[in-house]
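Here the protein sequences line up with chains A, B and C, keeping their order.
Note that my numbering numbers the first sequence so that position 15 is 15, with each residue one more than the last.
Note that my numbering numbers the second sequence so that position 123 is 393, with each residue one more than the last.
Note that my numbering numbers the third sequence so that position 47 is 584, with each residue one more than the last.
In silico DSS-like cross-links for lysine-lysine, where the CA-CA straight-line distance does not exceed 30 Å:
#1 C:Lys-658 <-> C:Lys-622
#2 C:Lys-719 <-> C:Lys-692
#3 C:Lys-652 <-> C:Lys-719
#4 A:Lys-184 <-> B:Lys-277
#5 A:Lys-162 <-> B:Lys-359
#6 B:Lys-303 <-> A:Lys-115
#7 B:Lys-314 <-> A:Lys-115
#8 C:Lys-598 <-> C:Lys-642
#9 B:Lys-421 <-> B:Lys-359
#10 A:Lys-4 <-> B:Lys-421
#11 A:Lys-4 <-> C:Lys-598
#12 C:Lys-622 <-> B:Lys-362
#13 B:Lys-273 <-> A:Lys-162
#14 A:Lys-81 <-> B:Lys-277
#15 A:Lys-4 <-> B:Lys-358
#16 B:Lys-277 <-> A:Lys-162
#17 B:Lys-492 <-> A:Lys-115
#18 B:Lys-492 <-> A:Lys-52
#19 A:Lys-81 <-> B:Lys-273
#20 B:Lys-358 <-> C:Lys-622
To give an idea of the interface, some chain B residues facing chain A are shown, with a C-beta separation under 8 Å as derived from the structure:
#21 Leu-287
#22 Ala-289
#23 Ser-383
#24 Leu-384
#25 Phe-402
#26 Ile-470
#27 Ser-503
Derived by calculation from the structure, the hints in this document are not laboratory data.
Each residue gets a CB set at the ideal place from its N, CA and C atoms; glycine is no exception.
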Amino acid sequence: MNKKWLSFPYLLWAIGFIIIPLCMVFYYGFTDRDGVMTFENVVAIFSPEHRKALFLALLLSLISTILCIILAYPLSLILAKMGNGKNSFLVIIFILPMWMNFLLRTLAWQTLLEKNGVINSILTYLHLPSLTIINTPAAIILGMVYNFLPFMVLPIYNSLSKIDPNVMNAARDLGANGFQAFLKITLPLSMPGVISGITMVFVPALTTFVISTLLGGSKILLIGNVIEQEFTQASNWHLGSGLSVVLMIFIVISIVVSSLSDKDGEGAGF
Amino acid sequence: MNKILHKIYLFLILLFLYAPIATLVVLSFNASKTRAKWGGFTFKWYQALFQNEVILEAFYTTLLIALLSALFATIIGTIAAIAMNGMKKGSKAAFMAVTNIPMLNAEIVTGISLMLLFISFGMRFGFSTVLFAHITFNIPYVILSVLPRLKQMNPSTFEAALDLGASPVYAFFKVILPDIFPGIISGFLMAFTMSLDDFIITHFTKGPGLDTLSTKIYTELKKGIKPEMYSLSTLIFITVLILLLLVNKTPKDKKNKKGSLQEEIIL
Amino acid sequence: MSNRLIDLVNISKSFGSSLILDEMNLYVQENEFLTLLGPSGCGKTTTLRIIGGFESPDQGKVLFNGSDIASLPPNKRQVNTVFQKYALFTHMTIAENIAFGLKIKNKSKAYIQDKVKYALKLVNLDGFDHRMPDSLSGGQQQRIAIARAIVNEPKVLLLDEPLGALDLKLRQGMQYELIRLKNELGITFIYVTHDQEEALTMSDTIVVMNQGYIQQIGTPETIYNEPENAFVADFIGDSNILGSIMLRDELVEILGVKFACIDKGFGENKPVDVVIRPEDVELLSPNETNLNGVVTHLIFKGVHYEMEVEANGFTWLVHSTKMVPVGAFVSIAVAPGNIQIMNKPVSEDEEATAIDE
Chain A
1 MNKKWLSFPY
11 LLWAIGFIII
21 PLCMVFYYGF
31 TDRDGVMTFE
41 NVVAIFSPEH
51 RKALFLALLL
61 SLISTILCII
71 LAYPLSLILA
81 KMGNGKNSFL
91 VIIFILPMWM
101 NFLLRTLAWQ
111 TLLEKNGVIN
121 SILTYLHLPS
131 LTIINTPAAI
141 ILGMVYNFLP
151 FMVLPIYNSL
161 SKIDPNVMNA
171 ARDLGANGFQ
181 AFLKITLPLS
191 MPGVISGITM
201 VFVPALTTFV
211 ISTLLGGSKI
221 LLIGNVIEQE
231 FTQASNWHLG
241 SGLSVVLMIF
251 IVISIVVSSL
261 SDKDGEGAGF
Chain B
271 MNKILHKIYL
281 FLILLFLYAP
291 IATLVVLSFN
301 ASKTRAKWGG
311 FTFKWYQALF
321 QNEVILEAFY
331 TTLLIALLSA
341 LFATIIGTIA
351 AIAMNGMKKG
361 SKAAFMAVTN
371 IPMLNAEIVT
381 GISLMLLFIS
391 FGMRFGFSTV
401 LFAHITFNIP
411 YVILSVLPRL
421 KQMNPSTFEA
431 ALDLGASPVY
441 AFFKVILPDI
451 FPGIISGFLM
461 AFTMSLDDFI
471 ITHFTKGPGL
481 DTLSTKIYTE
491 LKKGIKPEMY
501 SLSTLIFITV
511 LILLLLVNKT
521 PKDKKNKKGS
531 LQEEIIL
Chain C
538 MSNRLIDLVN
548 ISKSFGSSLI
558 LDEMNLYVQE
568 NEFLTLLGPS
578 GCGKTTTLRI
588 IGGFESPDQG
598 KVLFNGSDIA
608 SLPPNKRQVN
618 TVFQKYALFT
628 HMTIAENIAF
638 GLKIKNKSKA
648 YIQDKVKYAL
658 KLVNLDGFDH
668 RMPDSLSGGQ
678 QQRIAIARAI
688 VNEPKVLLLD
698 EPLGALDLKL
708 RQGMQYELIR
718 LKNELGITFI
728 YVTHDQEEAL
738 TMSDTIVVMN
748 QGYIQQIGTP
758 ETIYNEPENA
768 FVADFIGDSN
778 ILGSIMLRDE
788 LVEILGVKFA
798 CIDKGFGENK
808 PVDVVIRPED
818 VELLSPNETN
828 LNGVVTHLIF
838 KGVHYEMEVE
848 ANGFTWLVHS
858 TKMVPVGAFV
868 SIAVAPGNIQ
878 IMNKPVSEDE
888 EATAIDE
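Just chain A, with the same shape it has in the complex:
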């Protein structure tokens, strides 16, 4: 069984399509059009417009991540308690929506949120004040939570369902009430899942350009939008790569934090 050559196809593939491409991003990020080494493209993050885009992206993704935790934790608790039938429910939550195109799914929120859209019609019918969040950062946050919520639920659910029910029983047996047992036992034991979920939500939220394009109108630019435009419109790959290098710093930080807390190395995600 110990056939070393079995790993060669993947090794070659990974070097060719994962490692070398990443090196290219760094190469482009640290050179200018003439191939001369420079830090300009990376330092460009401090220019006012880029700084603004980065801060806004950080802020929105942070808020979305927190909202995802708040929504996902109770959901995971309920799912973990349900036992039977939870499998099909997980499919309904995670897999099935993916078969409706990601762009269309997000775009549908426009129809729902518009001034005369579905939600506002319902609100007016109920004599409630109407919402005007389309083309605002709030709509972008909603889009982020909508798209990335499953990535928070799955790791939390996984870590919750790994908890031996007898541990909870023991806590109750030793005199803890339901709330204390939750606070002292369930919550700490599920922390690895929460932290893994944070990476899985924060990274795509921070780097998205699609959600902001679809729900934020054309005025709101996140760092993802800036990078995308450098590649597809301005054709300044060096600047785009430099900004991506900056983005990767944040990604690496969040991955390191999550791998530090994921002691079994199992990767609670996916």
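Given the structure of chain A, go ahead and fit chains B and C onto it with the hints provided.
Chains B and C only, in chain A's frame:
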């Protein structure tokens, strides 16, 4: 009381996740061409869909790329998982780290890194570049769903087959493959789904003239989405929904196998 | 029982830097129930895997009926293995599991059917043909693993701690079942275990191993009654092991007190180890012998009482059906035939350092 609260919460989450999907289904029957107004019920977009060669072409491309990339990723990933399972801790950790890069890295970075690679090697952007890119981000899903299956296996089963006279190749196909098959299938399905739903990486690695459904929709954004797109999406969605219902309704006597397969599909 | 079926000659095997087996020599006779017994890491499982073909020795020969099979792959050997934790093929039915080896050998359908039926009958699991392994209890799975191996009519059946995962009651039942099977099949069993009781119950021959070396080979009676060194004495059952001096033939000084014994030929005034089994220690009234002590612990064990007696600075372990209360003064007597004299285990220390290198 608690149970009712749970049900209400689940319902609200489902409403949140499915409201946009329901909206799209409704829009596919909307006689008005803009999505802002309801113009009455119609089937005409479904008829128009089958005449719209641009959309059908994009759909075909999407399916072909999803199928091929999932297939190649399944082959490479399964072989890689078997190799990784037999590795010592150090090299296994190194392989694992590389495997995690496409999973954890931002899609936009993966996309541009591949774009830069293809540019540097003078590759013509088109079907093959998209296919390479999709295989790349699909392999980790296969590895991560096959590896736990291999780990669970009692290493003695392979030896038991040898002991009973099987050659190593025969033992692999008779004993190991059936045991890890649910993992392989779920890896394939996961890869297929991911490829189908991908926009960002395709966006950076496709050339002009090639479109998947996602990139087609993206270019149509400014002009307005063709309602045929809604009807196609609805058809896809309903097909998958029916398939899932059928899987759930399969006879109970194979419950064990199906249960584990389903679990694999999710995780 | 005279033909040497398997002969291991000068077998050495190491994994990385740790030496597992060092120039081991061992032969197995036809129709023998041989048990490799020792603590974990002693090399017993490696020995079995070398015979099965799952490991190849770094040096040495594996002779099977006189010809060297050291480089023969497992699928070409006339040997079958019952694995630890069974290793059943979970995606196949019981019948398919049992038929696996026969199908590879291209046996006829009718033959295979007959054999499967026969094997299931042999292990008392008639009618289980179409069940899946997962639906069976541990004991039943164990028997299927045995059936799967024996339908191939191996010359030798290798069993790697096959009862380790079963609970006590089931384990005892299976021990008798294995003896019965061996007698019915008339083939050689090589059995690996760390459980000395299992070894004593079932074996014709026990090979006690430690740190890659064979400590003693013998019948269960010899191993128990006449251990060759302190390791064997200690590993096989409870015992009192005392450093003593052999004064002359048939006289030994234990804890400063002279005892008559029956061993000869150790020389005069020679340091030796003495083994006295706890059930051979007799407790008499104080001063009936020259070795006096006091009872410090008492536990009721069902069949007997277990006591500890402090005497001349040594804590004696005593098993007796007669209870003596804690604090009572006693004197200790041992019948000459129950005193087992052993050479000091110089060799074991040498071996230990040899492994460290």
